[in-house]
Amino acid sequence: MMRKIFFKLGILCCAVALVTGCASPPKPYDYTAFKASRPHSILVLPPLNDSPEVAAPYGVYAQVTLPLAESGYYVFPVTLVDETFKQNGLTAAGDIHAVAPAKLREIFGADAALYITITKYGAVYTVLSSEVIVSAKARLVDLKTGNLLWEGKASASSEEGKNNNAGGIIGMLVTAVVNQVINNVTDSSYPVAGTASSRLLFAHPNGMLYGPRSPSYQSEQ
Amino acid sequence: MNMAYKLLALAAGMALLGGCATKQTSLYQWENYQPEVYEYFKAKTGPEEQIAKLEESLEKIRAKGHVPPPGFHAHLGMLYAQVGSADKAIPEFKTEKELFPESATYMDRLLSKYSK
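Each protein sequence line maps, in turn, to chains F and A.
If you're matching positions, the first sequence starts at 1 in this note's numbering and goes up one per residue.
If you're matching positions, the second sequence starts at 222 in this note's numbering and goes up one per residue.
No wet-lab data here; the hints were simulated from the structure.
C-beta: ideal position from N, C-alpha, C; glycine also.
Hints are supplied without guarantee of correctness; some may be wrong.
Calculated cross-link-like contacts (lysine-lysine; reagent style PhoX-like; alpha-carbon spacing at most 20 Å) [as the list claims (entries may be wrong)]:
| id | chain 1 | residue 1 | chain 2 | residue 2 |
| --- | --- | --- | --- | --- |
| 1 | F | Lys86 | A | Lys263 |
| 2 | F | Lys137 | F | Lys153 |
| 3 | F | Lys103 | A | Lys263 |
| 4 | A | Lys285 | A | Lys309 |
Where chain F lies over chain A, by a calculated footprint (3+ residues, C-beta under 8 Å) [said to hold, decoys possible]:
| id | region |
| --- | --- |
| 5 | 280-292 |
| 6 | 316-324 |
With the rest of the complex left out, here is chain F (with noise of 0.2 Å):
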């Protein structure tokens, strides 16, 4: 008898723990070095890649530019950032991400860098299905004082569009306001990277903060 009613006093308190655990809202992002920045302009370094994948960086560094363009900033070229790294021998994104913030300023003459890590790139078998999923987290660091602005992470899979309101607001905005070209790619993880990349860098609550040329710059409070 004692322990029944233990028992019942036990799950009640998880219960309780887990009512009281979503009515709290998550913690919000502490934004005070990032408002002390506002950065105009973003260099994003080659993506550091722990998955196996070898073509995970191409996929998800093609990406980076439009949520980060979209959301205000100027974004440095890609494909000549990662040559101008080769020509000076860089060719590893350990090496590139070793460099210090005031050598890329010198180079670049970026206010922020982005350091990109890859945690999970392309299929995961089950029995039932292959699923692609990409994840990826991401730190913004001030290239004039070498202070972390922001961080996050964010992940994507092939399986969520199969229910409906899965891709959430993020998804919904990429897909009505950005009219690119995406169907000549034909490999099933590249449009994976592409949503991944948006959701970590659209600007959006707890996230990037919007950029000088966005319209919403400091619409945040």
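With chain F held as given, fit chain A onto it using these hints.
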């Protein structure tokens, strides 16, 4: 000021007007920029083929009075430099700098390299 700025102002104005009509508009007309960047990284298409495709896109963008995204002109300039046409590369880097003064330091670096 100059033509590029006027175009930009016009695009921004149109974007604002468009915004009132419930639909958000994009800042840039992207066309095939990102897929071409992807092809470039995979080294699937040669520079000549890319130049042809991007010039075609640029015509479409200009016809509508829109602005190409950041990096578009610079990428095109790099492709021209790779096929040995520095004379065509230089104006592209200059246009990138005109449209996006944020790129000045980097574009000046590239311009001094290819102007030699």
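Okay, the hints, checked on the actual structure:
1. Lys86(F) with Lys263(A): holds (15 Å)
2. Lys137(F) with Lys153(F): With Cα atoms ~4 Å apart, Lys137(F) and Lys153(F) stay inside 20 Å; holds.
3. Lys103(F) with Lys263(A): violated (28 Å)
4. Lys285(A) with Lys309(A): With Cα atoms ~23 Å apart, Lys285(A) and Lys309(A) exceed 20 Å; violated.
5. 280-292: holds (count 3)
6. 316-324: Result for this restraint: holds, n = 4.
Comparing the model with each numbered hint stated earlier shows that hints 3, 4 do not hold.
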